[in-house]
Amino acid sequence: MKKQNKSEENTTKEKEIDKLVEVKFKFDRRAYYINSKDIPLHMDEHVIVEAEKGADMGRVSHYYINSDKLNLKQYKIFKIIRNADEKDLIKLKRIRQKEEEAKLKFQELLEKQPFKMRLVETEYQFDGNKLTFYFTAKKRVDFRNFVKDLAKVFRTRIELRQINLRQKLKYLGGFGRCGRELCCKSLNLSKNIGNLKMAEQQNVNTPDTKITGVCGQPLCCLAFENEFYKKRAQNFPEIGDPVYYKNKKMTVCKNNFLTSTVEIKDENNIRHSLSLEEYMDNLTKKRSSKKSKSKKKKKIKTKTKKRSKRKGFFRIKNKKNKK
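Each residue of the sequence shown is one higher than the last, beginning at 1 in my numbering.
Just so you know, the hints here were simulated from the structure itself, not pulled from any lab data. Where a beta carbon is used, it is the ideal one built from N, C-alpha and C, also for glycine. Hints are supplied without guarantee of correctness; some may be wrong.
Unchecked claim - Now the in silico label distances, taken between C-beta atoms and shown as ranges: (1) Tyr171 - Lys246: 16 to 26 Å; (2) Glu227 - Lys53: 36 to 46 Å; (3) Asp88 - Asn203: 46 to 56 Å; (4) His46 - Asp241: 56 to 66 Å; (5) Glu200 - Asp38: 46 to 56 Å.
Said to hold, decoys possible - Straight-line distance between alpha carbons at most 25 Å, and here's what the computed DSS-like set of lysine-lysine pairs gives: (6) Lys139 - Lys91; (7) Lys210 - Lys138; (8) Lys139 - Lys93; (9) Lys98 - Lys139; (10) Lys112 - Lys139; (11) Lys185 - Lys138; (12) Lys26 - Lys112; (13) Lys76 - Lys130; (14) Lys26 - Lys210; (15) Lys230 - Lys265; (16) Lys26 - Lys103; (17) Lys116 - Lys87; (18) Lys103 - Lys210; (19) Lys91 - Lys138; (20) Lys210 - Lys254; (21) Lys53 - Lys185; (22) Lys138 - Lys105; (23) Lys76 - Lys53; (24) Lys98 - Lys130; (25) Lys112 - Lys76; (26) Lys130 - Lys93; (27) Lys138 - Lys112.
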């Protein structure tokens, strides 16, 4: 009976995990919750959810999500309690006013500290059990004594969270050099962040100033387009592969995935551009010529072997006749 009860509990947990809901909070903070009570949900609707110590309030940003796509085994998943009502929304307005007041008090206390930091945003938990300050700093800051001073003033649990410039712009928003809204704001690219390796794979041979965005980091669009270039790269040769072209040994120096061309260079760094079809035809011709040469060599070897065998046979015969 105990084994049956455990198996039933496991099946119910698996079913609940399949009903994951993404909830968005202030400062673009996102978390996943279980809708175990089958509460009717709508996009951008406020809901009350469980927290580590109390309850919090956020907006539904996405549902339902497969748990296989998310690595949430290490994290404790909380539940959605209920939909928010008018009283909760009125309370949320009061909390936003308190957050603005907390910013001013924070700046007053910060002037007495020996280190420097820039406050970006404050966030109260819905039940008031926690107050989070998001800040930026050039170096790591030891703010243990500062947290104690803040706890005495606000009389709640204080959390200071240092963020980078990309996270700051993700919250504040803005426009990139392309004229569109920043990718980190409009798209959820927090997991796939652009890097210099992606730029090399995509053959972006431009200065670092053109690859980097407003935050000073590699552009997010590199990560967004990386899968396309990975698929295209499967049909192209690797850089450095040897190729024979016009009876000369050359090497592949660049692949143009958009134009479907391959650039090769010789010993004198003289470059030639070939279409992918021309490159593949050149390879097949070279392979066929190698096969024909190898077949000829095999035929010559077999003939020499037969001749050597015959000579050996005649030598043995002549020895016998002499005897």
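Is the hinted pair lysine 26 and lysine 112 satisfied, with a Cα-Cα distance of at most 25 Å? 28 Å, violated
Has the given pair, lysine 210 with lysine 138, been kept, meaning a C-alpha gap of at most 25 Å? 24 Å, holds
Does lysine 254 sit within 25 Å of lysine 210, going by the straight-line distance between their CA atoms? This hinted pair holds, its Cα atoms lying about 20 Å apart.
I want to verify a distance hint. Is the separation of the beta carbons of histidine 46 and aspartate 241 within 56 to 66 Å? 57 Å, holds
Just to be careful, I want the Cα atoms of lysine 130 and lysine 93 compared with a cutoff of 25 Å; is the pair within it? 17 Å, holds
Given the hinted pair lysine 139 and lysine 93, is their Cα-Cα distance within 25 Å? 34 Å, violated
Taking only the CA atoms, is the gap from lysine 185 to lysine 138 under or equal to 25 Å? It holds: about 23 Å lies between the C-alpha atoms, which stays within 25 Å.
Can you confirm whether the C-alpha distance between lysine 26 and lysine 210 stays at or below 25 Å? 31 Å, violated
Holds or violated: are the alpha carbons of lysine 98 and lysine 139 at most 25 Å from each other? 29 Å, violated
Does lysine 91 lie within 25 Å of lysine 139 when you go C-alpha to C-alpha? The given pair, whose Cα atoms are some 37 Å apart, is violated under the 25 Å limit.
Verify the proposed pairing of lysine 116 with lysine 87, using a straight-line Cα cut of 25 Å. 39 Å, violated
Given hint lysine 130 paired with lysine 98 - CA-CA distance at most 25 Å: 13 Å, holds
The structure fails hints 1, 6, 8, 9, 12, 14, 17, 18, 19, 21 and 25 (numbered hints given earlier, in ascending order).
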